[in-house]
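Which chain is which? The protein sequence lines are A, B and C, in order.
All residue numbers for the first sequence refer to this note's numbering, where the first residue is 1 and numbers rise by one.
All residue numbers for the second sequence refer to this note's numbering, where the first residue is 1 and numbers rise by one.
All residue numbers for the third sequence refer to this note's numbering, where the first residue is 1 and numbers rise by one.
Calculated directly from the structure, the hints in this document are not laboratory data.
Don't take every hint at face value.
[Claimed, not checked] Simulated restraints on C-beta separations:
1) A:Glu93 to B:Ala53: 20 to 26 Å
2) B:Gly150 to A:Gly98: 57 to 63 Å
3) C:Ser232 to B:Leu28: 35 to 41 Å
4) B:Asp50 to A:Trp445: 34 to 40 Å
5) B:Arg120 to C:Ala68: 45 to 51 Å
6) A:His243 to B:Asp50: 55 to 61 Å
7) B:Ala53 to A:Asp221: 42 to 48 Å
8) A:Glu93 to B:Asp50: 44 to 50 Å
9) A:Asp221 to B:Arg281: 55 to 61 Å
10) A:Arg508 to C:Arg90: 57 to 63 Å
11) B:Arg23 to C:Glu219: 21 to 27 Å
[Said to hold, decoys possible] Per the computed footprint, the stretches of chain B lying under chain C, defined by three or more beta-carbons under 8 Å from a beta-carbon of chain C, are:
12) 222–235
13) 247–254
The beta-carbon is built from N, C-alpha and C at its ideal position, and this holds for glycine as well.
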Amino acid sequence: MLELSPHLRSQGRRSRSLLKSTPLIGLAALCSLLIGCGQDASTVARSDKPVSGGTLVYATDREPTCLDPHVSGDMPQVFIGQQYLDSLVSMDEQGQIGPWLAKSWEVSADGLVYTFHLRNDVHFTDGTPFNAAAVKANLDHMANPKTQSSTAGGYIRQYRSTEVLDDYTAVVHLATPYAAFLEVLAQGFLGIESPTALLRSRDQNCESPVGSGPFKIVKWDRQSQVELVRNPDYNWAPPTARHQGPAWLERIVWKFIQEPSVRFASLQAGEVDVIEALPPESHEAARRNPDLTMLVALRPGNPTNGTLNITRAPFDNVNVREAFVRSADVEGALKSVYFNEFPRAGGALSSATRFYSPDFEHAQDYDQGRAAQLLDESGWTGRDAEGYRTRDGKRLQVHVVIGNRTPPSELTLWEQVQATTRKAGFELLIEQMSDVLATQRQADWDYDIRVGYWNTNTADVLRIVFGSEFVQPAGVGGYHQNTAGFASPQFDAINQQALATQDPEQRRALYYKTQQIASQQYLQLTTYPQSSRLGIYKTTQGVRLEPSLAVTYLYDAWVNK
Amino acid sequence: MSELTFDTVLPAVRVQRTASRVRPGPLLAVTFLAFLIIAALVPQLFAHSDPLAIVPHDAFHPPGWAHWFGTDQSGRDIFSRVIYGTRQSLFIGLAATALAMGIAIVLGLLGGLGGAYLDRGVGWLLEILFAFPSLVLALLFVAIFGSGVGPLIVATGLGGAPGYARMVRGQVLAVRNAGYIEAAVALGHPTRRIILRQLLPNAMRPLIVTLTMGVGQAIVWASALSFLGLGAPPPAPEWGTMLSMGRDFVANAWWLTFFPGLFIVLTTLSTTVAGRYLQQRLEGRLS
Amino acid sequence: MSAITYSNPRHERLTRLARRAAWRLAGGVLVLWAVATLTFFALHLMPGDPVLAILGGASGNPTAETIAEATREFGLDKPLAVQYALYLGRLLQGDLGMSYSQHLPVTRVLAEQSWATLQLTFSALALAWLLVLALTVLTAGRGRWVSSLASLAETLAAALPHFWLGILLLAVFAFGLRWFPPAGSDGWRTLVLPAVALAIPLAGFIAQVTRESLELTLEQPFVLTARTRGLSDTAVRFKHALRHAVLPGISLSGWAIGALISGAVVIEVIFSRKGLGRQLYQAVQAQDLPLTIGISLAVAAVYVLANIVIDLLYLWIDPRQQGKTA
Chain A
1 MLELSPHLRS QGRRSRSLLK STPLIGLAAL CSLLIGCGQD ASTVARSDKP
51 VSGGTLVYAT DREPTCLDPH VSGDMPQVFI GQQYLDSLVS MDEQGQIGPW
101 LAKSWEVSAD GLVYTFHLRN DVHFTDGTPF NAAAVKANLD HMANPKTQSS
151 TAGGYIRQYR STEVLDDYTA VVHLATPYAA FLEVLAQGFL GIESPTALLR
201 SRDQNCESPV GSGPFKIVKW DRQSQVELVR NPDYNWAPPT ARHQGPAWLE
251 RIVWKFIQEP SVRFASLQAG EVDVIEALPP ESHEAARRNP DLTMLVALRP
301 GNPTNGTLNI TRAPFDNVNV REAFVRSADV EGALKSVYFN EFPRAGGALS
351 SATRFYSPDF EHAQDYDQGR AAQLLDESGW TGRDAEGYRT RDGKRLQVHV
401 VIGNRTPPSE LTLWEQVQAT TRKAGFELLI EQMSDVLATQ RQADWDYDIR
451 VGYWNTNTAD VLRIVFGSEF VQPAGVGGYH QNTAGFASPQ FDAINQQALA
501 TQDPEQRRAL YYKTQQIASQ QYLQLTTYPQ SSRLGIYKTT QGVRLEPSLA
551 VTYLYDAWVN K
Chain B
1 MSELTFDTVL PAVRVQRTAS RVRPGPLLAV TFLAFLIIAA LVPQLFAHSD
51 PLAIVPHDAF HPPGWAHWFG TDQSGRDIFS RVIYGTRQSL FIGLAATALA
101 MGIAIVLGLL GGLGGAYLDR GVGWLLEILF AFPSLVLALL FVAIFGSGVG
151 PLIVATGLGG APGYARMVRG QVLAVRNAGY IEAAVALGHP TRRIILRQLL
201 PNAMRPLIVT LTMGVGQAIV WASALSFLGL GAPPPAPEWG TMLSMGRDFV
251 ANAWWLTFFP GLFIVLTTLS TTVAGRYLQQ RLEGRLS
Chain C
1 MSAITYSNPR HERLTRLARR AAWRLAGGVL VLWAVATLTF FALHLMPGDP
51 VLAILGGASG NPTAETIAEA TREFGLDKPL AVQYALYLGR LLQGDLGMSY
101 SQHLPVTRVL AEQSWATLQL TFSALALAWL LVLALTVLTA GRGRWVSSLA
151 SLAETLAAAL PHFWLGILLL AVFAFGLRWF PPAGSDGWRT LVLPAVALAI
201 PLAGFIAQVT RESLELTLEQ PFVLTARTRG LSDTAVRFKH ALRHAVLPGI
251 SLSGWAIGAL ISGAVVIEVI FSRKGLGRQL YQAVQAQDLP LTIGISLAVA
301 AVYVLANIVI DLLYLWIDPR QQGKTA
């Protein structure tokens, strides 16, 4: 059962076979002749009816540093969080907001007051009842600087306070209108935790957070796995779920396997039932394997990119920026390093984002001629002995700052960018360093390109990535989300207008403008959209990627072992 | 991975009485080492492609006539990269061993000649350095000073230095009471001249063999550090780095990992066999 | 008249061993102190602000208050000498501090991760010795052909880099043949491939040394005597010659444990096993000061202890060593 997200684009396949593992095949053949070892020959019957009970083994690549997604907030956290937390509202495939823990809501005319009417039959797995006080506790927790919430806290900067009108009515007050508020509330990052649990220390809550979701956390075995069990009282699934009531699975074992080849091999051997971050080099093998199904969905937000620092030379000139972007052969890299499994992201928004416009897909197409022309026009006409362009004796140098935990394929992609931009005369210096040093360089604005991405379910992401208020560091640490340094009052105004209206058509028109500006200014070299790629073994069915962020959703899954 | 202790290796080796016969093992080893040295000096002789040239359309070609060792994920010819990598790896191995030996000589001389307290002090310092497994020591060093070829050489050298220092100290102690040293002292030669001209050369001669094998070990150590991403950064054609970049694709394209590793093995094998042979010849000459 | 004192040789031997053990332990403690000091000061030279490392690195968004609090919590605002004194004090109480990257006490991280690495290290050592004994005892001194072939196998094994061997084993036996699981830290089946990857090169080393030693021993006069007394060849090899021949190998085993721990860093990464090795590597990458120091200390402690044990074992096994001092 292959579920295709509507946002998935068809990929061109490589005709040439990549499975040149002749020695391995030879050995395997020999082995199976002699001993009949290897794969289990019995085929598991696929039942279309969900089966209650059983354990699902899930393997992901990165281990979170904290299980509470309010703290910091990165993808590994929200993936686990989605299984044991519920959100206030839900978001469906079309981007419409629906009820979840909140049955209904009203937004005031000025967009500053949100009144939520909550369900009265929900309780957390530690017995605490869910009510307006819980909502207040959670929002306050995210906004509290002590929680050090980058993601959730960053999303609710406009939050002022919550008023508990009665047990099941919570009134949220914002400082400025924020049309994306409901969208971010649908994300797992802002999942609702038990207020009793939130009273504990941050580290305690990181280790064993408590939610109201279909599963609850039992134990976190560091560097190895997290164990979750079914919440038997669960009866408040969102309308986007496939069933109601307790989950089918009895138990989930959430393992951490960093090495991509090892992760995939574990899936093929049936040692794990579902893997995440299915490596692109294994897509072909997964497709050919009748025991496996693939589930791929692009994530909304700002795609993987190299953001250009426009506050200093050489990228303070938009023509040079365009020349750089045009001279980078990203398609070639995607074909080789990523086996043509990733589409090219041409604009500032991923195609899975609501209000995405396809008009900007070709603004970054590979064109060495245009790059040369632009560089000539910008005065970079000299060439030094090694072929790099110069102007007034200075070489056209670009420094790329990359963290040392970047996967090798990403590095190889940038190596290829290095080689192709060299033809236009750019000297690309790839500098790998520890995350701490990278943050330092970022804080000092001492870089020309910073590699990154931003997964979120709203087009408002462009305000965060390119808005002038995010140029200033949020804290003393110096980290600033706007790595381009782009500060345009016109751009900011359009974003504010989009936040002030709830009308989707108006928002679409406004976000079209923001995408256009970002594209015309060549603020980023976008490479490929982020995606959730699951490999599923034949024992497991019903695994889904939930619609808001394309995060794994195991509530509707069952195993048949 | 080896810090062959002097006392365990040397006495256990037996003298070959039929040393005059040409044996295939050492011959092959020396030939391979010669090939490596030539490859390091003049890689263009063997490698016909640019090791850094990216040809994405040619990615992941299996070994064949056009590409003897196949191509990697960016379409680069692996054989060329392995050949060019020889220069990197040999350079790192030799530099690290030289550094290790330098430190070892200083410490060994201090310990062997410096009198009881200095000897104790040096012994104690060695104990501390020995308390760390080599890779842990190297990791700490890289953590402080960052990654790259320079720190890689120093880290590898530091890892090997304690072992050599112990050997040098032992040798110095053994040699300083020899007759010719006594004679030189009695004749009134300046101390520095005695040390440089007579003590050191005689102390070090038995260690030549250990050094030869040590270069092979240093190459493995440096490759291990590069494999962990702490050495020569990509796209450098260093063998350890190539292994690391290739290991994600081992199920699809085993040749990315196999051939650089093979060269590491052959280099280590050659240095070991050549070193052993050298040792046996020296033993034969001395006895 | 002088009284005749009957000395009990066994008792004497034990007391000598005990005294030596005590002396070595004291020395070991001193070494550990020096190690802790060295690591502490060395790691403070690391570039980059540790506060940022604690507060979430790249995606952190710390406010001034949070930074102040973190600085207080981890004592980073005091002068270096004071920090060092505090650090030593805590060390004596068994408190190794708080890991920046995991927000857990370092002692807890050590407790959770040590067992897997110890399992791996000792299995590899045991396996290596098994291979060594089998190979050398069966093939030593049996004629030039057998000897040369075995010698070649040993040299080849010793030349294999363990990271390369690990990847190959993984590719063939886990990915290809599916005999063993490719990842994991629980159960004996996940231990096999990692242990083999470490054991083979080590076995090569120890075997080389043991073989030479065994061949030398087999030529000793006492062996000839044993043979003339009618003992079978196997009995001679095992009972008499081996005891003398393994001495250099045992002495190497002390170093071997260090090499195995080093190897464990890479092997745990390749096989996705939990353990101190991988943890150390990640701690270094994340510039997690307390965790790096904690693991280095733990490793050094194990290594020093292991060497002391090996040293005593050496004394115990070799009757000739009894009279000698350090």
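Going down the list of hints, with the structure as the test:
no.: 1; hint: A:Glu93 to B:Ala53: 20 to 26 Å; verdict: violated (45 Å)
no.: 2; hint: B:Gly150 to A:Gly98: 57 to 63 Å; verdict: holds (58 Å)
no.: 3; hint: C:Ser232 to B:Leu28: 35 to 41 Å; verdict: holds (39 Å)
no.: 4; hint: B:Asp50 to A:Trp445: 34 to 40 Å; verdict: holds (35 Å)
no.: 5; hint: B:Arg120 to C:Ala68: 45 to 51 Å; verdict: holds (47 Å)
no.: 6; hint: A:His243 to B:Asp50: 55 to 61 Å; verdict: holds (59 Å)
no.: 7; hint: B:Ala53 to A:Asp221: 42 to 48 Å; verdict: holds (46 Å)
no.: 8; hint: A:Glu93 to B:Asp50: 44 to 50 Å; verdict: holds (49 Å)
no.: 9; hint: A:Asp221 to B:Arg281: 55 to 61 Å; verdict: holds (57 Å)
no.: 10; hint: A:Arg508 to C:Arg90: 57 to 63 Å; verdict: holds (59 Å)
no.: 11; hint: B:Arg23 to C:Glu219: 21 to 27 Å; verdict: holds (22 Å)
no.: 12; hint: 222–235; verdict: holds (count 4)
no.: 13; hint: 247–254; verdict: holds (count 4)
This entry does not satisfy hint 1, going by the numbered hints stated previously; all others are met.
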